[in-house]
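Asks: Listed below are the residues making up each chain.
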Amino acid sequence: MDIVSLARFQFAMTTVYHFFFVPFSIGTAFAIAIMETIYVRTKNEVYKKMARYWGNIFLLSFAVGVVTGLIQEFQFGMNWSDYSRFMGDIFGAPLAFEALLAFFMESTFIGLWTFTWNKVKPGVHALFIWLTSIGSMISALWILTANSFMQNPVGYTIKDGRAEMTDFFALLKNPQLFFEYGHVIGAALMMGGVIVAGLTGFQLLRAKKQPVSDETKHIYKTSMRFGMWVSLIFAVLTIAVGHAQMQYLIKEQPMKFAATEAIYKNTKDPAGLALVGVADQKNHELKGSIEIPGMLSFMSYNKFSGSLTGMDEVNKDLTKKYGKYIAGEKMNYYPPVNTLFWSFRIMVGVGMWVALVSIVALFLTRKGKETLYEHKWMLWVVALTTFLPFIGNTVGWFVTEFGRYPWTVYGLFTIKQSVSPTVSVASLLTSNIVYFVLFTALAVVMIGLVIKELHKDPANIENPQLLEKFMDPFDKGAF
Amino acid sequence: MSAFQFLWFLLIGVLFAGFFFLDGFDYGVGMAAKTIASNEAEQDQIIHSIGPVWDANEVWLITAGGAMFASFPYWYATLFSGYYLILLAILCGLIIRGVSFEFRAKGNAKTKRVWTTLLAIASAWVPFFLGVMFISMIEGMPIDANGNMHATFFDYFNWFSVVGGVALTLLTYLHGLNYVALKTVGQVREVARNVAEALYYVLYVGLVVFALLLIFKTDFFSVHPLGTAITVVLIVVFAVLAHVAVFKGKEMLAFIASGLTMVSLVAMIFVGMFPRVMISSLSAKYSLLIQNASSTSYTLTVMTIATICLLPFVLAYTAWAYWLFRKRIEMPTVKPLEGY
Chain A
444 MDIVSLARFQ FAMTTVYHFF FVPFSIGTAF AIAIMETIYV RTKNEVYKKM ARYWGNIFLL
504 SFAVGVVTGL IQEFQFGMNW SDYSRFMGDI FGAPLAFEAL LAFFMESTFI GLWTFTWNKV
564 KPGVHALFIW LTSIGSMISA LWILTANSFM QNPVGYTIKD GRAEMTDFFA LLKNPQLFFE
624 YGHVIGAALM MGGVIVAGLT GFQLLRAKKQ PVSDETKHIY KTSMRFGMWV SLIFAVLTIA
684 VGHAQMQYLI KEQPMKFAAT EAIYKNTKDP AGLALVGVAD QKNHELKGSI EIPGMLSFMS
744 YNKFSGSLTG MDEVNKDLTK KYGKYIAGEK MNYYPPVNTL FWSFRIMVGV GMWVALVSIV
804 ALFLTRKGKE TLYEHKWMLW VVALTTFLPF IGNTVGWFVT EFGRYPWTVY GLFTIKQSVS
864 PTVSVASLLT SNIVYFVLFT ALAVVMIGLV IKELHKDPAN IENPQLLEKF MDPFDKGAF
Chain B
-4 MSAFQFLWFL LIGVLFAGFF FLDGFDYGVG MAAKTIASNE AEQDQIIHSI GPVWDANEVW
56 LITAGGAMFA SFPYWYATLF SGYYLILLAI LCGLIIRGVS FEFRAKGNAK TKRVWTTLLA
116 IASAWVPFFL GVMFISMIEG MPIDANGNMH ATFFDYFNWF SVVGGVALTL LTYLHGLNYV
176 ALKTVGQVRE VARNVAEALY YVLYVGLVVF ALLLIFKTDF FSVHPLGTAI TVVLIVVFAV
236 LAHVAVFKGK EMLAFIASGL TMVSLVAMIF VGMFPRVMIS SLSAKYSLLI QNASSTSYTL
296 TVMTIATICL LPFVLAYTAW AYWLFRKRIE MPTVKPLEGY
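Heads up: the protein sequence lines correspond to chains A and B, in order. Heads up, the first sequence is in my numbering, so the first residue is 444 and it goes up one at a time. Heads up, the second sequence is in my numbering, so the first residue is -4 and it goes up one at a time.
A few of these clues could be false.
[Stated by the list, open to error] Computed from the model, here is a short list of chain A residues facing chain B with C-beta under 7 Å: (1) MET521; (2) LEU555; (3) GLU734; (4) GLY766; (5) LEU909.
Hints are computed from structural coordinates only; laboratory data are not their basis. Cβ coordinates follow ideal geometry from the N, Cα and C atoms, glycine included.
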């Protein structure tokens, strides 16, 4: 085992795990903010109870999300110190802004929100969750600004062996950021809807065995339709942005695009879209593919004509541009094709499935015709859909990150150049094992506690509050 | 060294000082939950006293790390890769501590006890390793010409760094006790005061040992004799002031003074290091300096403007959050409360 593989494995493991909780928190915070706003506007108690019920689930996700995020900030210095030296001038600024602008905001207002259910006016309380939600979305903006630079460097110059920022606003105007942010936030908000609706599905199944009060059932049903509306809206948005993003990739990262479609040789005109297949990386061909004729041209150029460049040609261009060797290492510009090809298909499949389930579920729960609640199998379909966005988000990042191979910063710095020169295999093995054990333990506890919270009656959720006594610590005698 | 470079060196110091002042008492409170509470209700009371604020306090550390990455990438890279296993230990502590508030509040009676214990252990663990890191850092570490650190076990753990770790843990514990006394009513308030009163004598012994080791193990007194002497005196003055305030029951004064003790400690570290950010024990010329470890003046300018625009808001809503929860916390009597 070499340090590069171990450091890469660790990055993949820790970011994937962290990113289970990031969209979970962003999505549920947003959903709760809407619920509380509806409550404030309509005084409908059902939405207040929903906000409290889902708020407890959100708090669990937020706690795990925060602590796993700590690893990310430390990791760049620990495992990727040469990357930090090369990129610090650019990468550090968004990270510092993220802390200053977003972390303080979300962590302060989540603290206020948790403990002020009975302390402040409903409107102010709703404002707290909105500030938490907005804080979490600002946080995503900054970290994706950094990631977008790594995908598509802009506003920089190379000097003294490092990348130096020359135009801060170029980083924010990076077209890559525009698509990436829209796609990631869309997917996160969609996930919030899916979680609310899907977990409600489990509760409705449970209610079939252990009858619940009418009020509770009403809260479940309102949650179901609420969640499905949210997931439908944001699934459509995410798919639309994703589509535009792919058209952008054809121009900016042709290798990534060609690999997600497993195109080795330049395609015919018009090009067909392969639905399934296995890339033979030795003979450079896609085996056992089933194609929709002309579809890839249509998806790429909005018309049924035009061919697409294959990896073999892109590889030639890249070799010409960057050379056969970088820093003494022989370069291979082909990314892991099968990973990209299948990740992309699973991601798209999840998005479409969620949109489809949302539409059907909304139709089957319309007024006076609530077929969905009568059939167990339908509820199972909805319930099990809860887990799909987790998979979809993960493979989505696989496409983005594996697709950048062999670079950490596209065209500027390779993965092998990035790793810490001082870190030993033993240290990396230790940290990998420690994180793995810790993550497993956290997941077990977290899932157990989420189930426990879900089983509580939403009609009767206890309010978190502090017993406060007025004895002002700012009293004169205290100084 | 440009003005911006100096400013950011100062700001990193301010962020760490803010972290120790604010999150410092969270660690102390975490330890106190296990050591001075006599039953579960008192544990809840103690932990509730930081419930709404601890998370934001920890952001000071995250911001310090992020600001270091942004303004001194070479410092960040050398420090974080060099202190690999120590930082791994700190991270584990922060992770366990970070989830323990939520997990203990939502668990059953048995798991709640486990998470309270884990909270207390992690709350002692993190400042100990932070102390070891900072103190071995000011002793000087084997840093080569490329800024890479090749340290062995005894570079990290030696008499000085271990004393530093213990002293920092003790300082956060005392700071936490002062906070508990300030923010609670009833039994725990009394106990916190009594324990703090006695523990300050232990701290005095620790500080004397620490000061002696500082003279022999670092070059602080030869590089910056005046600055080091002043900050060391400040550490002692604030410790004594806090102690006297504890005696007299002036809880706010005690709390502020114990916070300023740690602020003085951070000041001492940053004054002694100046103009270096990492001290090489191999050769003075390998030490990382403010002027060659920093980002470009363009990046520093952008960040300075952003900080000037944003920091006032952060400080304003942080102060407001403290104001909203300014009352003392009572012991829950009927049943344990939800929340953190």
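Asks: State for each hint whether it applies.
Replies: Here is what the structure says about each hint:
The restraint placing A:MET521 at the interface with chain B holds, with a minimum CB-CB distance near 5 Å, inside the 7 Å limit. Here the hint on A:LEU555 is kept, as its CB sits about 6 Å from the closest CB of chain B, short of 7 Å. Interface hint status for A:GLU734: violated, as the beta-carbon distance to the closest one in chain B is roughly 47 Å, over 7 Å. For the restraint placing A:GLY766 at the interface with chain B, the shortest Cβ-Cβ distance is roughly 24 Å, beyond the 7 Å limit, so the hint is violated.
Below 7 Å, beta-carbon pairs count as interface contacts, and A:LEU909 has one with chain B at about 5 Å; its hint therefore holds.
In summary, the structure is inconsistent with hints 3 and 4 from the numbered list given earlier, while agreeing with the others.
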